[in-house]
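Peer 1: Below, each chain spelled out in residue letters.
Number of protein chains: 4
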Amino acid sequence: MPLNAQQLAEVADLRAEKRPTLREVSPALEDILYQPLPILDHGFIRVVDYMGTDAAIVQAARVSYGKGTKKTQEDAGLIRYLLRHRHTTPFEMCEIKFHIKLPIFVARQWIRHRTANVNEYSGRYSIMDREFYIPAPEQLACQSVTNRQGRGDVLEGAEAARVLQLLRDDANQVYNNYESMLNESEDGTVIDEGKKGLARELARMNLSLNYYTQWYWKVDLHNLMHFLKLRADPHAQYEIRVYAEAMLDILKAWVPTTHQAFMDYRMGAAEISAKGLEVIRRKLRGETVEREESGLTKREWDELFALIG
Amino acid sequence: MPLNAQQLAEVADLRAEKRPTLREVSPALEDILYQPLPILDHGFIRVVDYMGTDAAIVQAARVSYGKGTKKTQEDAGLIRYLLRHRHTTPFEMCEIKFHIKLPIFVARQWIRHRTANVNEYSGRYSIMDREFYIPAPEQLACQSVTNRQGRGDVLEGAEAARVLQLLRDDANQVYNNYESMLNESEDGTVIDEGKKGLARELARMNLSLNYYTQWYWKVDLHNLMHFLKLRADPHAQYEIRVYAEAMLDILKAWVPTTHQAFMDYRMGAAEISAKGLEVIRRKLRGETVEREESGLTKREWDELFALIG
Amino acid sequence: MPLNAQQLAEVADLRAEKRPTLREVSPALEDILYQPLPILDHGFIRVVDYMGTDAAIVQAARVSYGKGTKKTQEDAGLIRYLLRHRHTTPFEMCEIKFHIKLPIFVARQWIRHRTANVNEYSGRYSIMDREFYIPAPEQLACQSVTNRQGRGDVLEGAEAARVLQLLRDDANQVYNNYESMLNESEDGTVIDEGKKGLARELARMNLSLNYYTQWYWKVDLHNLMHFLKLRADPHAQYEIRVYAEAMLDILKAWVPTTHQAFMDYRMGAAEISAKGLEVIRRKLRGETVEREESGLTKREWDELFALIG
Amino acid sequence: MPLNAQQLAEVADLRAEKRPTLREVSPALEDILYQPLPILDHGFIRVVDYMGTDAAIVQAARVSYGKGTKKTQEDAGLIRYLLRHRHTTPFEMCEIKFHIKLPIFVARQWIRHRTANVNEYSGRYSIMDREFYIPAPEQLACQSVTNRQGRGDVLEGAEAARVLQLLRDDANQVYNNYESMLNESEDGTVIDEGKKGLARELARMNLSLNYYTQWYWKVDLHNLMHFLKLRADPHAQYEIRVYAEAMLDILKAWVPTTHQAFMDYRMGAAEISAKGLEVIRRKLRGETVEREESGLTKREWDELFALIG
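Chains as they are written, first to last, in this note's numbering: chain P, 242 to 550; chain W, 242 to 550; chain A, 242 to 550; chain H, 242 to 550.
Note that these hints are calculated values from the structure, not bench results. There could be a bad hint or two in this list.
Since the list can't tell identical chains apart, any single copy or any two copies may satisfy a pair.
To be verified - Straight-line distance between alpha carbons at most 30 Å, and here's what the computed DSS-like set of lysine-lysine pairs gives:
no.	residue 1	residue 2
1	LYS493	LYS311
2	LYS516	LYS470
3	LYS259	LYS311
4	LYS539	LYS308
5	LYS539	LYS493
6	LYS312	LYS516
7	LYS524	LYS312
8	LYS311	LYS539
9	LYS539	LYS524
10	LYS493	LYS312
11	LYS539	LYS470
The task is simple: from the sequences and hints, build the whole structure.
Peer 2: This is the structure we're talking about:
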């Protein structure tokens with residue numbers, strides 16, 4: 242369970258009372274507001290605030306005085322047109338804020354998305370939790386032999402068991418020594434009154450990258466979709482992809498029309514090069530096309546046919 | 242009146258019905274939501290959406306699971322501490338969206354603030370309104386003789402009257418010819434069926450920079466305060482300052498604790514250089530300080546004493 | 242000629258003497274450094290500084306200690322791979338700075354690209370030049386009937402002549418009155434010693450949007466390519482496209498390998514939706530595909546077949 | 242020695258030959274170009290490219306056709322004026338690129354500065370080096386009792402020795418197990434042909450936050466100064482401050498006039514609140530001012546007098 246009893250009580254408290262607003266409301270997002278969706282072994286993601294719905298995109302695109310919306314179908318058509326033709330600014334008019342608990346090595350990938358706002362839990366100021374990520378056995382993959390930054394087969398048997406043991410033991414040991422150097426235990430109790438304890442900003446360096454951190458992360462809808470395009474992609478590392486996949490569900494609850502357009506035009510789409518398009522045109526005309534005359538390298542040719550069969 | 246009857250009806254419609262939400266609500270901002278505040282002769286500013294309140298700043302700074310707020314005074318102390326010490330990221334957790342009507346020459350200054358989201362009314366796509374800015378007589382200032390980018394005394398008598406007449410006549414004439422080139426009047430009626438009409442994206446170039454445009458502008462609280470610090474400053478051009486001043490009132494309604502801290506630590510504050518601080522220290526010790534030995538230029542010295550009397 | 246004699250002398254002076262550097266040098270860019278390339282009737286674009294070459298991309302992608310480059314072909318392969326798979330950060334390691342003279346209505350489109358650095362000539366501080374844009378006769382297009390933000394046929398005969406006359410007359414008149422209100426002529430001479438003259442920051446509002454402004458504009462290679470993808474596109478307005486096209490030539494001189502990859506994978510490329518890809522797959526397998534069963538709208542279907550013939 | 246023999250040879254190779262350029266050159270920066278300045282026990286910082294000098298700031302501020310520079314003193318006056326009055330855009334016209342080796346926990350603070358370009362060494366793709374940070378004894382501080390995110394006294398004797406031993410042992414152990422899980426040693430040699438080895442993107446999570454990473458980091462001069470203002474400040478964590486201090490020296494070599502203005506108006510400066518300014522004014526007039534009537538809290542009052550004596 243990613244939240245303890247007190248934290249769950251705080252969430253329940255936040256969900257106890259509705260207040261009236263004149264703003265656009267997303268009922269499906271209200272249903273899950275503040276509630277943690279568990280990710281990995283100790284992580285979670287939860288929506289803590291949002292601004293706008295599909296209607297806000299239409300309203301901004303039309304720079305309207307009122308709702309700016311017309312018939313549902315017209316609105317959907319506009320949203321799909323905007324997304325298809327990369328008119329991105331209306332999507333920036335919606336905003337969402339998450340509270341996320343995630344391993345530090347995932348946080349290091351995540352933070353590379355710069356167009357977002359972040360407040361992270363501070364290991365200079367506070368004691369870190371004793372929570373670290375251990376992959377599930379089916380995620381314990383070996384290095385890919387074909388892709389230098391990917392995974393291959395899953396480790397099995399003794400090798401798998403040994404890896405899990407090493408990860409667990411080292412994580413526990415570095416935390417034990419973290420407490421020992423701090424001269425404080427996880428709950429802040431002083432261990433030995435006769436010692437000073439190392440500064441938190443220093444002691445934290447002993448923790449390993451699978452330790453969990455947490456942050457508030459706020460992003461506009463356009464940049465969220467950019468994040469999801471990259472991180473929900475099958476080539477993204479599994480440990481960040483599971484967060485992105487949960488966010489796809491959140492996207493669907495929040496802005497269903499945009500979500501559908503995003504799935505059609507971004508997630509499942511592919512960019513085909515000028516030379517690739519020419520190959521397709523020729524083949525559709527019934528011509529035989531050889532790789533050598535196409536201008537494509539072997540790799541590009543293979544990528545193209547992996548795509549169009 | 243900046244909005245016509247239909248637009249006012251659309252605003253009234255938006256304000257007709259409240260919906261329940263679990264999000265933080267700013268009651269004082271709800272009171273003015275969607276309603277245009279008139280600025281200059283034809284402009285306005287109105288809030289069309291917002292995310293967060295003072296509480297969201299506290300919540301993010303504490304990366305909290307629940308409300309994150311403690312006693313009102315503790316929360317205010319934290320907000321003031323954050324602002325005083327430029328811990329800016331918690332202020333990025335609040336967001337506000339405006340619909341603004343403003344002269345193009347003001348829009349050209351405004352857009353230089355890059356960390357914001359914008360959707361502008363398109364003169365490629367639509368016909369521009371026949372609305373242009375004419376300064377009120379008390380704003381008809383001559384060029385400052387001491388500040389190359391400022392205003393001096395107000396023009397009077399015949400010179401003032403002539404300037405107003407020229408501005409008005411030229412603005413009307415360029416719009417008449419805009420319609421004529423378009424072969425369409427403001428409401429879209431074709432003028433002469435025998436003509437084709439110049440493309441909108443070209444005809445608009447004949448309009449002058451005092452014509453009004455409008456946009457949706459969305460910004461986070463940190464960047465809004467940065468905008469206000471620069472644009473509500475007495476050295477800002479009057480025509481953008483009036484928008485900033487109206488936004489200060491909106492800030493006060495939205496996040497009153499942050500507004501108070503902003504007025505104390507930013508708007509009324511001054512940055513004093515290392516050498517300036519040394520002058521103050523010496524004078525407070527009762528020493529006589531000469532400009533020549535202070536390391537300050539004449540200009541810096543004068544700026545310092547304009548500030549500290 | 243966009244530069245006057247004095248300005249040309251200043252450019253010649255900048256080009257007079259080479260200095261030794263240990264940095265990467267782009268010989269083809271050095272050949273045109275500082276020299277204005279004329280655009281439209283009074284505009285220009287010129288490169289005033291740059292950082293990095295194709296080699297810098299390779300070096301950054303490899304986080305190398307030395308040159309980081311291997312065989313030319315391997316380097317080209319890496320650059321093409323990075324661009325194809327949207328690994329964008331290595332392209333951000335190159336930077337270029339332009340001095341550009343452009344009509345204000347073009348500048349208003351241009352400035353929407355936010356990830357760049359800008360210093361614009363100030364009409365608050367200085368008198369604007371009497372230079373305005375008048376379209377060449379072959380650019381005097383009517384409004385498109387099929388695309389609400391595009392151009393159709395070219396105006397001809399009396400209508401064309403009248404439009405050109407109106408544009409020219411209005412532009413001259415607003416400048417005459419600009420000088421008159423300033424009580425200064427273009428070169429700064431006071432017109433009537435008995436008058437005060439309107440402040441520059443106010444008088445400039447009488448100028449029309451076809452007046453030229455100028456700025457220094459600095460951007461990294463990734464964001465430059467994003468700009469070019471949008472603005473060298475046939476759907477971009479002609480008056481900004483001509484600047485983008487000149488910048489494509491500059492790109493070719495500066496980073497030839499990246500330029501080639503950009504032309505292959507971006508400029509001539511197209512993004513095809515999930516459903517569009519499925520249509521292609523089925524047709525390549527020899528199936529007959531009807532629009533109705535494809536899940537594509539009429540508009541999407543037409544866009545797809547306009548692309549793949 | 243932060244670089245090995247091969248790396249030093251690569252640096253020497255880069256420094257072997259100068260090439261002619263028409264761009265502005267900073268001779269003092271050329272002197273140190275590519276050369277690593279050692280930081281901490283295994284880190285370094287080195288300049289790998291730059292664009293512009295003090296002259297570029299003047300040139301951009303004047304939107305000039307030529308050098309844009311006048312007398313040295315006038316140029317310095319302009320730069321100082323721009324910095325004093327926060328006219329920041331001309332400083333964005335200079336750019337610098339660093340290659341930096343730094344502990345991961347420092348990198349995590351550093352990356353929060355978003356307006357910069359980064360390419361980091363990839364632990365998904367490559368094996369990390371066996372290099373970790375161990376504080377020098379005089380940096381082994383205990384937690385501050387007055388400042389929750391700072392350091393207090395230095396640990397001594399047995400406690401200090403034990404902390405150093407724990408840090409060293411844990412760092413070595415997690416690396417040993419990293420190699421073991423990878424089934425590869427640091428140089429890429431396979432350890433046991435009978436095993437598959439864990440994927441690099443997973444194994445790296447066992448490393449601790451004091452392990453070194455490295456990146457190319459590129460930033461404009463305005464954002465660099467913002468970074469230095471925060472990170473060369475005495476309240477910044479020591480381990481990032483030493484990098485910032487080295488960059489202050491680089492700043493001085495690169496843009497000496499800007500460096501001097503920065504030291505005067507930013508590094509040594511302080512922002513004083515509206516109420517604080519009023520206290521100073523009254524005291525300079527010879528009045529007695531009590532804290533209670535000043536409107537300042539105890540904390541603010543103490544901060545003010547710590548500043549002005």
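Peer 1: Each hint: holds or not?
Peer 2: Here is how each hint holds up against the structure:
no., hint, in the structure
1, LYS493 <-> LYS311, "within (21 Å within a copy, 34 Å between copies)"
2, LYS516 <-> LYS470, "both (24 Å within a copy, 17 Å between copies)"
3, LYS259 <-> LYS311, "both (29 Å within a copy, 21 Å between copies)"
4, LYS539 <-> LYS308, "between (52 Å within a copy, 28 Å between copies)"
5, LYS539 <-> LYS493, "between (38 Å within a copy, 25 Å between copies)"
6, LYS312 <-> LYS516, "between (41 Å within a copy, 25 Å between copies)"
7, LYS524 <-> LYS312, "neither (41 Å within a copy, 35 Å between copies)"
8, LYS311 <-> LYS539, "between (50 Å within a copy, 20 Å between copies)"
9, LYS539 <-> LYS524, "both (18 Å within a copy, 23 Å between copies)"
10, LYS493 <-> LYS312, "within (20 Å within a copy, 37 Å between copies)"
11, LYS539 <-> LYS470, "both (26 Å within a copy, 26 Å between copies)"
The structure does not agree with numbered hint 7 stated previously, though it agrees with all others.
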